[in-house]
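Novice: Bring the two chains, given one by one in their own frames, into a single complex with the hints.
Given next are the chains, with one letter for each unit.
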Amino acid sequence: MSDCILEMRDVFFEYSGGIRALDGISMAIEKGKKIAVLGPNGSGKSTLFLHFNGILKPKSGKVFYRGREIRYFRSFLMDLRKNVGVVFQDPDTQLFAGSVFQEVSFGPMNLGLPAAEVEKRVKEALKATGIEELMHRPTHFLSFGQKKRVSISDVLAMNPEVLILDEPAAYLDPGHEQKLLEILDELCRKGKQVILSTHDVELAYAWADYVYIMKAGKIAAEGIPAEIFQNDKLLADTDLRKPLLLEICDILKQKGFFFNKMPRSIPEFKDELLFRATDE
Amino acid sequence: MLIDNYAYLNKLKDVHPAEKLLFALATMAVGFIPNALLNLAIVLMMGTVLVFKAGIPARIFLKMLLIPFSFIIIGMLTMMVNVIPAGSNALIKLSLPDFNVGITLESMKMSGLLFSRSMAMVSCLYFLAFTTPVMDIVAVLRSMKVPVLLLELMELIYRFLFVLMETSEKIYISQASRLGYINAKTSVHSLGRLASSLLVKSWRDSESLYISLEARGYDGELRVLTRSFPISQRNIFFIVLAEFLLLILAWLFRG
Numbered sequence: 001m002s003d004c005i006l007e008m009r010d011v012f013f014e015y016s017g018g019i020r021a022l023d024g025i026s027m028a029i030e031k032g033k034k035i036a037v038l039g040p041n042g043s044g045k046s047t048l049f050l051h052f053n054g055i056l057k058p059k060s061g062k063v064f065y066r067g068r069e070i071r072y073f074r075s076f077l078m079d080l081r082k083n084v085g086v087v088f089q090d091p092d093t094q095l096f097a098g099s100v101f102q103e104v105s106f107g108p109m110n111l112g113l114p115a116a117e118v119e120k121r122v123k124e125a126l127k128a129t130g131i132e133e134l135m136h137r138p139t140h141f142l143s144f145g146q147k148k149r150v151s152i153s154d155v156l157a158m159n160p161e162v163l164i165l166d167e168p169a170a171y172l173d174p175g176h177e178q179k180l181l182e183i184l185d186e187l188c189r190k191g192k193q194v195i196l197s198t199h200d201v202e203l204a205y206a207w208a209d210y211v212y213i214m215k216a217g218k219i220a221a222e223g224i225p226a227e228i229f230q231n232d233k234l235l236a237d238t239d240l241r242k243p244l245l246l247e248i249c250d251i252l253k254q255k256g257f258f259f260n261k262m263p264r265s266i267p268e269f270k271d272e273l274l275f276r277a278t279d280e
Numbered sequence: 001m002l003i004d005n006y007a008y009l010n011k012l013k014d015v016h017p018a019e020k021l022l023f024a025l026a027t028m029a030v031g032f033i034p035n036a037l038l039n040l041a042i043v044l045m046m047g048t049v050l051v052f053k054a055g056i057p058a059r060i061f062l063k064m065l066l067i068p069f070s071f072i073i074i075g076m077l078t079m080m081v082n083v084i085p086a087g088s089n090a091l092i093k094l095s096l097p098d099f100n101v102g103i104t105l106e107s108m109k110m111s112g113l114l115f116s117r118s119m120a121m122v123s124c125l126y127f128l129a130f131t132t133p134v135m136d137i138v139a140v141l142r143s144m145k146v147p148v149l150l151l152e153l154m155e156l157i158y159r160f161l162f163v164l165m166e167t168s169e170k171i172y173i174s175q176a177s178r179l180g181y182i183n184a185k186t187s188v189h190s191l192g193r194l195a196s197s198l199l200v201k202s203w204r205d206s207e208s209l210y211i212s213l214e215a216r217g218y219d220g221e222l223r224v225l226t227r228s229f230p231i232s233q234r235n236i237f238f239i240v241l242a243e244f245l246l247l248i249l250a251w252l253f254r255g
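Taken in order, these protein sequences are the chains called Y and W. Going by my numbering, the first residue of the first sequence is number 1, and it counts up by one from there. Going by my numbering, the first residue of the second sequence is number 1, and it counts up by one from there.
The following block holds chain W by itself, in its conformation from the complex (with noise of 0.2 Å):
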């Protein structure tokens, strides 16, 4: 939830959202472009853009591109280990009855470009989630007509989220402080009470949920007005800019 306090508090909230997808979409769209450099240079770019525009601490930005790292290494070295024919020059070859299981070239190759492209990826999604407030984004998904009911769905999703959160946490203190976690078997006992309690806590408050929209003039259809955003043709710019540059580096670098 780290991510989502910063969401709304760093210096580049106050962008329009579309501009924010726009630059993070299409700086993932050029990292398609399998070039390891290329993607180097995105999650440098968007590392730069996060750290001094948006101002989130470096600190921060590095300790979430870690997150990923785990999964991204077992698919590279899935990836890098393969089985190879008899006559192919292997850089470390394991020789098993009926067949060679070893390291090419072209496996670190591709490997290597995995590892980058996704950190590449990574790093725009971060881009996105580090700036911009999750119902910003449904905002701009509405204005590009996206079904309604699966905005609504994101949007009371997002919000009981946090209330479902919350009240877990309430259940699990009352409960702790009645030394319900004191041992493993009271443990797993008092945990299977705060899911069964959870579910019936939030079955009734779907029902004054729905009361009240329905005291509000609800009828099917939860219509809010959304917060209106200035175009910026600066902003807009400098997207196209970077994306072009971007594109150049990828080509002066063609494998």
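For reference, chain Y alone in the conformation it holds in the complex (with noise of 0.2 Å):
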């Protein structure tokens, strides 16, 4: 289990009032690779990310990372925190501060890094997500697309291991849903874990290398896309649709079209066709 950066193993979790949140969880997330959680609304998902970086404590289970438990006390949490960042859903009660500079300098500050590093960091952060423009900008001038950029550099600006994202897609247009895509994609090639929520099947069938489906609390089943999205009984049982791309190529497919490899982008879907056309 080495190459495990997160885990958890029979993870329980209650809201007060009973609710049940987790209900036995066990999951190891591979070090490297995409990873993405679908599941509808009130599965779990973001109670799950707030397991890994230890603002929520399982009532039973625990919860593992790099191999190492997860212990609630200040410095640990601290540590933890630092390496794995999450960036929440809605900026708008994520950024506090009045400027854009200040709103991304908070986490180095805690970190007790100098301020010429933390300058460095904050100027790093922007640039990753292409909002360097707007470091001096207040934080109510920005449009929700930019807030949601700031939030991520929030993160980013404490150079952490591992960046969970709950549902960063949500609310964006398709051009900034592209760009941001095109940021986390950067991201990974840097070498950071990423991982994210979200109810956009087609996203989650082009980008993710791996996929969790969440369901009441449970994971309902986890695999790589090309076999989770033609998994018919799973989608129906979770509520979720078979990404376009994989029905069409199911209906080519009847009609006796051969995939060498199930395509997971329109490009690719091109790569397939012209590879049979001069196949033949």
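Heads up, some of the hints might be wrong.
[To be verified] Computed from the model, here is a short list of chain Y residues facing chain W with C-beta under 10 Å:
(1) 41
(2) 87
(3) 102
(4) 118
(5) 154
(6) 159
(7) 235
[Claimed, not checked] Derived lysine to any residue pairs resembling SDA-like cross-links, with alpha carbons at most 25 Å apart:
(8) Y:59 / Y:15
(9) Y:57 / W:205
(10) W:13 / Y:132
(11) Y:123 / W:9
(12) Y:242 / Y:173
(13) W:201 / Y:242
(14) Y:192 / Y:79
(15) W:201 / Y:170
(16) Y:62 / Y:15
(17) Y:31 / Y:221
(18) W:13 / Y:143
(19) Y:120 / W:226
(20) W:170 / Y:173
(21) Y:59 / W:207
(22) Y:127 / W:9
(23) Y:82 / W:221
(24) W:13 / Y:130
(25) Y:215 / W:11
(26) Y:123 / W:11
(27) W:13 / Y:115
(28) Y:120 / W:170
(29) Y:59 / W:218
(30) W:201 / Y:206
(31) W:170 / Y:275
(32) Y:82 / W:205
(33) Y:123 / W:170
(34) Y:242 / Y:206
(35) W:201 / Y:115
[To be verified] Computed footprint of chain W on chain Y, listed as stretches where at least three residues anywhere in the stretch have a Cβ under 8 Å from a Cβ of chain W:
(36) 49 to 60
(37) 130 to 141
Simulated from the structure, these hints should not be mistaken for lab results. Remember, predicted model here, so these are calculated numbers, not experimental data. All residues carry an ideal CB built from backbone N, CA and C; glycine is no exception.
Specialist: See the structure below:
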């Protein structure tokens, strides 16, 4: 299990009032994989994420980071949160400072870094999300998409090993969503571990290396997207839809079309078609 | 919120906030010398700096100056009209059975001074408000060792004022589009609902905010790095010069 970056064993969690949010979760997230967690509203995705950086403490069960069990005292949590950053769904409840510069500096300041280093990190983090020009802008002047990027920079400035994003694509227009995925891919290339939750099966299918499907506080299924999204019964049980591209490929297959590899994006799909055409 | 926009966009936004604070406060201090002409000069000076240096449209500045007018006029009237002793020579006098009410030369002067001083002070504050974002002022106060608790409150209130405004606007629109404000009765009802849902939402948002701060290592103090500004000796020279000229003016035209 040494290649697992985050792991959960038999985690149960209840909110006050006895609402069970996590109902016996065990999962082992492999290092270097792009992870997507899918599931309907209220299936426990956000609660799950808050366990990974120790904000919530399981009622029973254990959480591990890099093979070490998470302990709930200050210095351990401080170290954990330095390495596992969470970007929250609503930037308006995450951004608290008056200006973008101050906002992004909050995390690295808490790490106790010297001012020059904080400034360098803020600049790098803003550059990584492509919003350097907004540095001295007041937070309330920004559009939703810009606030979203600031909220990602917030966490990037702490230079975490793992970046967890709760529904990063929610409310974003297609252009901003595309840009977001490019930013995340770039982070993955730089060796960051990216975990996100989404309702969007197309996004999960095209982007993720490995997906978890949650339902009612349980992991209903996990696997590589190509297999998970072929499981019609699972998709029906968890209120998910088959990705459109996969649906089209299935129809083509029924018509006697052969795919070397199931395409995950339109360019890949085109390649398969061309390959097939030159083959004949 | 018009002023707030200008605070971020004016041409003096990159000037060190401490210099701007010094300029405003020093001028206010000078303005306490009882001299109407001096006060008028202060209004003119602040107006000139705002319009020509900061690039604030003159129309906007004048419009903002008019806002405190009504308060000041009321203050002036109460000061001008007094109970006057029997033998004094009043400009206008109204004799009542037991005493006289009227306006004297002194009370005219007094209220004139009140008016001109108020306008001078207001224009100093406008200078600060039009040229300096709130966060920059907080940064200066921080370096002046004002208690952190107060400053954090200022920062959070400032930031969430906008979130609250945006949220209440959204709720209002959603109510109005369902005819929530079609007549007086529904308006009262809808407004009550708006207030209560705003409270509940703020409560929940404050919880999410706390969680997100905690996730970034919050330990009870909101430490942020503030932007650094270069100090301009030239500006300080001009500030000192301007105050000096005002003092000379006050001395030359002393009552």
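Novice: Run every hint past the structure and note whether it holds.
Specialist: Results of checking the hints against the structure:
With a cut of 10 Å, the hint placing residue 41 of chain Y at the interface with chain W is violated, because the nearest CB-to-CB distance is about 16 Å. The beta carbon of residue 87 of chain Y is positioned within 10 Å of a beta carbon in chain W (closest approach about 9 Å), and the interface hint is therefore held. Nearest Cβ of chain W to the Cβ of residue 102 of chain Y: about 4 Å, under the 10 Å cut. The hint holds. Hint on residue 118 of chain Y holds. Least Cβ distance to chain W is approximately 5 Å, under the 10 Å limit.
Of the supplied interface hints, the one on residue 154 of chain Y holds, with its beta-carbon coming within about 7 Å of a beta-carbon of chain W, less than 10 Å. Because the beta carbon of residue 159 of chain Y sits about 12 Å from the nearest beta carbon in chain W, more than 10 Å, this interface hint is broken. The restraint placing residue 235 of chain Y at the interface with chain W is violated, with a minimum CB-CB distance near 31 Å, outside the 10 Å limit. Restraint check for residue 59 of chain Y and residue 15 of chain Y: the C-alpha separation of about 10 Å stays at or below 25 Å, so the hint holds.
Among the hinted pairs, residue 57 of chain Y with residue 205 of chain W is consistent with the structure: their alpha-carbon atoms are about 21 Å apart, no more than 25 Å. At roughly 18 Å between alpha-carbon atoms, residue 13 of chain W and residue 132 of chain Y fall within 25 Å of each other, so this suggested pair holds. The suggested pairing of residue 123 of chain Y with residue 9 of chain W holds, with an alpha-carbon distance near 21 Å, which does not exceed 25 Å. Of the supplied pair hints, the one linking residue 242 of chain Y and residue 173 of chain Y holds, its CA atoms being roughly 22 Å apart against a limit of 25 Å.
About 35 Å separates the Cα atoms of residue 201 of chain W and residue 242 of chain Y, which puts this hinted pair outside 25 Å; it is violated. Taking the CA atoms of residue 192 of chain Y and residue 79 of chain Y, the gap is about 17 Å. The hint holds against a cut of 25 Å. Between residue 201 of chain W and residue 170 of chain Y, the direct Cα distance comes to roughly 19 Å. Compliance with the 25 Å bound is thereby established for this hinted pair. Between residue 62 of chain Y and residue 15 of chain Y, the direct Cα distance comes to roughly 17 Å. Compliance with the 25 Å bound is thereby established for this hinted pair.
Restraint check for residue 31 of chain Y and residue 221 of chain Y: satisfied, since their Cα atoms lie roughly 19 Å apart, inside the 25 Å limit. Distance check on the hinted pair: residue 13 of chain W and residue 143 of chain Y sit about 22 Å apart at the alpha-carbon level, within 25 Å; holds. This hinted pair checks out: residue 120 of chain Y and residue 226 of chain W have alpha carbons roughly 13 Å apart, not beyond 25 Å. Of the supplied pair hints, the one linking residue 170 of chain W and residue 173 of chain Y holds, its CA atoms being roughly 20 Å apart against a limit of 25 Å.
Distance check on the hinted pair: residue 59 of chain Y and residue 207 of chain W sit about 20 Å apart at the alpha-carbon level, within 25 Å; holds. Proposed proximity of residue 127 of chain Y and residue 9 of chain W is supported: the alpha carbons are some 23 Å apart, at most 25 Å. A hinted pair counts as satisfied when its Cα atoms are at most 25 Å apart, and residue 82 of chain Y with residue 221 of chain W qualifies at roughly 17 Å. Note on residue 13 of chain W and residue 130 of chain Y: the hinted pairing holds, with a Cα-Cα distance of about 24 Å set against a maximum of 25 Å.
Only pairs whose Cα atoms come within 25 Å are accepted, and residue 215 of chain Y paired with residue 11 of chain W is rejected, the gap being roughly 55 Å. Restraint check for residue 123 of chain Y and residue 11 of chain W: the C-alpha separation of about 24 Å stays at or below 25 Å, so the hint holds. Restraint check for residue 13 of chain W and residue 115 of chain Y: the C-alpha separation of about 22 Å stays at or below 25 Å, so the hint holds. For the hint linking residue 120 of chain Y to residue 170 of chain W, the alpha-carbon distance of about 37 Å lies beyond 25 Å, and the restraint is violated.
Between residue 59 of chain Y and residue 218 of chain W the CA atoms are separated by roughly 24 Å; this keeps the pair inside 25 Å, and the hint holds. Between the alpha carbons of residue 201 of chain W and residue 206 of chain Y the distance comes to roughly 35 Å, so the proposed pair goes past 25 Å and is violated. Distance restraint check for residue 170 of chain W and residue 275 of chain Y: the Cα-Cα separation of roughly 52 Å exceeds the 25 Å cut-off, and the hinted pair is therefore not satisfied. Annotation: proposed proximity of residue 82 of chain Y to residue 205 of chain W holds, straight-line Cα distance about 24 Å (limit 25 Å).
The straight-line distance between the Cα atoms of residue 123 of chain Y and residue 170 of chain W is roughly 33 Å, outside the 25 Å bound, and the hint therefore fails. Restraint check: the Cα-Cα separation between residue 242 of chain Y and residue 206 of chain Y comes to about 12 Å, which is no more than 25 Å; the hinted pair holds. The suggested pairing of residue 201 of chain W with residue 115 of chain Y is violated, with an alpha-carbon distance near 36 Å, which exceeds 25 Å. Counting residues of the region 49 to 60 of chain Y whose beta-carbon sits less than 8 Å from any beta-carbon of chain W gives 3, enough to reach three: the coverage restraint holds.
Against chain W, the region 130 to 141 of chain Y contributes 6 residues with a C-beta closer than 8 Å to a partner C-beta. That satisfies the three-residue criterion, and the hint holds.
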